[in-house]
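A.B. asks: Read off the chains here:
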Amino acid sequence: MDYGYSLYLTGPEVFLSVSGLVLTLIAAWGGRNAGRLCTILAVAALFGASAITASQILGDTSVQGAEAFGGLYRMDAFGGLAKLLIYLASIGCLIVTPRFFAKGSEYRPEYPLLMVFGSVGMGMMVSAVDLMTLYIGLELSSLSSYVLASFMRSDDRSAEAGLKYFVLGALASGILLYGMSLVYGFSGSTSYGSIRAAFDGTLGTGALFGVIFVLAGLAFKISAVPFHMWTPDVYEGAPTPVTTFFATAPKVAAIAMTARIALDAFGNQVPAWQQIVIFAALASIVIGALGAIGQSNVKRLLAYSSINNVGFILIGLAAATTAGVSAMLVYLAIYVAMSLGSFVAVLMMRDANGDQVESIANMAGLSRSNPLLALCLAAMMLSLAGIPPLFGFWGKFVVFQAAVQADLVVLAAIGIAASVIGAFYYLKIVKIMYFDEPANVVVGKSEFSHWAVLGLCALVVSPLGYLLTIPLGMAANRAAQALFFTV
Amino acid sequence: MGGFPILSIMLLVPLAAAILCLLVQAATARSIALGATLANLALGILLWLNYDIGGAQWQFTEQAELFAGFSYALGIDGIALLLIVLSVFLMPICILASWNSITKRVGEYMAAFLFMELLMIGVFAAQDMFLFYIFFEAGLIPMYLIIGIWGGDNRIYASYKFFLYTLLGSVLMLIAMMWMVNEAGTTDIPTLMNYDFDPQAQTWLWLAFFASFAVKMPMWPVHTWLPDAHVQAPTAGSVILAGVLLKMGGYGFIRFSLPMFPEASAQFAWLVFALSMLAVVITSLIALVQNDMKKLIAYSSVAHMAIVTVGLFSFNVQGLEGSMIVMLSHGLVSGALFLCVGVIYDRLHTREIDRYGGLAINMPQYAMLFLLFTMASIGLPGTSGFVGEFLALAGIYEVSSVVTLVCTTGIILGAGYMLYLYRRVAFGTQKNADAAAMQDITIREWLMLGPIAAAVLWMGVYPESFLAPMRKDIATLDARLARAAPDGDAKLVAGTPRKTIANEMPHVAGEHTGEAAANGEAAEGAH
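Taken in order, these protein sequences are the chains called A and B. Counting in our numbering, the first sequence tops out at residue 489, every number present. Counting in our numbering, the second sequence tops out at residue 512, every number present.
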């Protein structure tokens, strides 16, 4: 085994881990005041890791991929693209964070540290081709997330969110581990390739249970119905930048990981899991849409929106084709821009005391007190609803097209009809911002860093985003081919 | 047009103006909007003048591979040309109509209208199915804002209803489009118009497209969003809604449903006829009892659109041409009627019919124009309404006498509710002092209504100008539909014309049989 080559293949993770350790030292000696410096360094480290990943994706061999450490880890275009999205989303979250905490002075250098280690874990999740690597990556990222959720220690809601997330996350990990042990027991291996070879032909009851438990555990991580109930509470309680992070990077990681395990390890058993995924997809779309209607807190509403979006992404997975995976990745990329944009817009809304405005009613008439912010948020909402010419439409378009190409016309028709329910509550936000009389609760100027991230996201979501369809589609196609290359 | 991308420029002008409008003060925004729409009108006239009648089917084509999965392809035939000209003709009038009545958030208002113009032109000019869909759907956003921000009391409810109704209709069409593209392997509309889908599949595809176009059209019983949206929208919003947005449904039928699924269209013609017959009678009766002027005109729109649908599904040239003319005429006439309502609404701020009366005394010029548009809406010969309705009903008469009979009652009922409206508003005693004190129309209002009146008379007296550009396209469509055309109950048999005209023939005693008389009349009619 060539360790040098393996280290090269795992380059982004190695680089980030080393950076994380250096940051730990800086944090230890610098104390609380090093928060800002650590953030800048963490952003730089994530940029470095993105650069390494990008160079790996652009390499000729990225479609065939290469395995490191004796088949524990796989570098290919699929993992690469997912990692790029994860790193960019983390960068976006980090940039908006320090200013958010500026008032409460609760910001500490541990925050960027946890983000960096979380990113290492997520990178491993999407590159894992062995159940052991997968579990270690998953736990690394989850443990970082639990701490991040309760980062505002003086705030009861934040502490509650962290605890809830931890308890339910541990339960999900248990389910996942149980499923993995069953899969190992019936296939005799933890490597995806061997599992695929072993799970050929008719699947025994025990092995089927293994598959179901693994998928149930993963469904928790991607907050798909019926394992979604933690999402609104955690999203509401966690500090808004952390919620931004939860809605973007870990979601990409969990979905990419699910796709790899479903299509690689269980690639010979598509009918066995396809119906589960179809159910989860439709249930997520419907519950995500219906649940959001009654919400009065914008963060809870966006939590349901993310459940809703996961449903659409799972439709791409249900297709179980190259086009489906490619569509999924395109949707994920657009989804990251939309979520990042909408949460950043939410965290920019503050009242006269500098407190967060989270109540939807207080956003009334925002279009007159803060027209640009309202315009950006309205664009995000309509884009999430999938109304052309905003870019969110393209995500839905490719996903449903993949479903139609895979002869899942009925699924596509039901899914898209259910998306109309979702349009209702996105419209509600637009209505409150544009039609209602101003409540004049939201005041104050926002920071440049916030505007920069929001502006970039708004640019992607705007009709100009359609110019990205060709490069994005090519990257996603390569990634999808890489995932299916082993099959 | 040697590579001059006139269609793209027609899209760019409103786009640039809309962005400008968002950034400037109210007065400047008004001028920018008027300037941009007038520039687009000039471009539209240029387009019409340069359109080569009888030339290639698709003209002014442009293509650019900017996107994955679909391309930026524009191009028009005669049908699209006329609808684009109608859109650009109505736009400056809409801007003028909102000149004084819109006082809050003027920049945003003008921007929304300019975006609408861009999207309307896009819908008619798109030659790629998904590009069409994007333009088609995107119109929801500005219209939602126009109704919701600048509308009347119940605007929120109306805006939601408008948005969600039309969205639900269209998403199913999107799935059908994806299936078609997957099957045919192209997104190019002209190619798809000649692609023969499996008749079994056509049934489902037709239904999915019908779901969208029927809501847009709107057909009974999915028309209920229209009266709400019309009543709550500002005047200019109603004009655009009635004038152009409703035409998207008809355009959809003529561009997609009929040529792409001829068999399914024939199979479902009974459904269209049944719904249209119900619509004509029911909505006309509802219109008779309305107290709100805008609601009355909205219901009359549904009735007129029903004539369009029966004409389209008659599968013959007269029906198709008639439907097109009804659409154009209705775009002008209903737009003008909404403007007429707007004129008096601006003065008295009520749409209640009872609050007016005897306007012919204090507003004679207004009463004259209002009368002209009322007559055009009824379909009086000499106005555009007559040409369209006559052709459409002549077309459907070949197919079914019953349908024609029922639909013709719509014209009679139409005369009923329009004349009743006119009598209550313009004639009689001046029972309300405030209504009696209203000033006659201003120059700005003349500028809005005058051109429409001229166009209505032009189309009524010399419809050839409007029929000529689309004659070849209608003939192509008719040929495409021929294989699925229903027999009809008229059972027309083409006779052999006589060599000489009747009065040059020598008189032979005893030739005055019925047949000769009929032939003679036919020959005279041909003069």
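These aren't lab readings, by the way, just hints derived from the structure by calculation. Be a bit skeptical, because a hint or two may be false.
[To be verified] Think about it this way: if two alpha-carbon atoms lie no more than 25 angstroms apart in a straight line, the pair counts; the simulated DMTMM-like pairs of lysine to aspartate or glutamate are:
#1 LYS430(A) - ASP235(A)
#2 LYS89(B) - ASP138(B)
#3 LYS146(B) - GLU168(B)
#4 LYS89(B) - ASP331(B)
#5 LYS476(B) - ASP138(B)
#6 LYS89(B) - ASP235(A)
#7 LYS280(B) - GLU489(B)
#8 LYS166(A) - ASP202(A)
#9 LYS146(B) - GLU141(A)
#10 LYS430(A) - ASP419(B)
#11 LYS280(B) - GLU337(B)
#12 LYS89(B) - GLU141(A)
#13 LYS280(B) - ASP339(B)
#14 LYS146(B) - GLU439(A)
A.B. asks: Could you run down the list of hints and mark each one as holding or not?
C.D. replies: Hint-by-hint comparison with the structure:
1. With a CA separation close to 21 angstroms, the supplied pair LYS430(A) and ASP235(A) stays within the 25 angstroms bound.
2. For a cut-off of 25 angstroms, the pair hint linking LYS89(B) to ASP138(B) stands: about 16 angstroms separates their Cα positions.
3. Of the supplied pair hints, the one linking LYS146(B) and GLU168(B) is violated, its CA atoms being roughly 34 angstroms apart against a limit of 25 angstroms.
4. The suggested pairing of LYS89(B) with ASP331(B) holds, with an alpha-carbon distance near 15 angstroms, which does not exceed 25 angstroms.
5. At roughly 53 angstroms between alpha-carbon atoms, LYS476(B) and ASP138(B) are farther apart than 25 angstroms, so this suggested pair is violated.
6. Between LYS89(B) and ASP235(A) the CA atoms are separated by roughly 40 angstroms; this puts the pair beyond 25 angstroms, and the hint is violated.
7. For the suggested pair LYS280(B) and GLU489(B), the alpha carbons sit about 56 angstroms apart, so the restraint of at most 25 angstroms is broken.
8. Our distance criterion of 25 angstroms between C-alpha atoms is broken by LYS166(A) and ASP202(A), whose separation comes to about 39 angstroms.
9. Between LYS146(B) and GLU141(A) the alpha-carbon distance is near 47 angstroms, which puts this suggested pair outside the 25 angstroms criterion.
10. Between the alpha carbons of LYS430(A) and ASP419(B) the distance comes to roughly 39 angstroms, so the proposed pair goes past 25 angstroms and is violated.
11. A hinted pair counts as satisfied when its Cα atoms are at most 25 angstroms apart, and LYS280(B) with GLU337(B) qualifies at roughly 10 angstroms.
12. Proposed proximity of LYS89(B) and GLU141(A) is contradicted: the alpha carbons are some 55 angstroms apart, above 25 angstroms.
13. At roughly 14 angstroms between alpha-carbon atoms, LYS280(B) and ASP339(B) fall within 25 angstroms of each other, so this suggested pair holds.
14. Restraint check: the Cα-Cα separation between LYS146(B) and GLU439(A) comes to about 21 angstroms, which is no more than 25 angstroms; the hinted pair holds.
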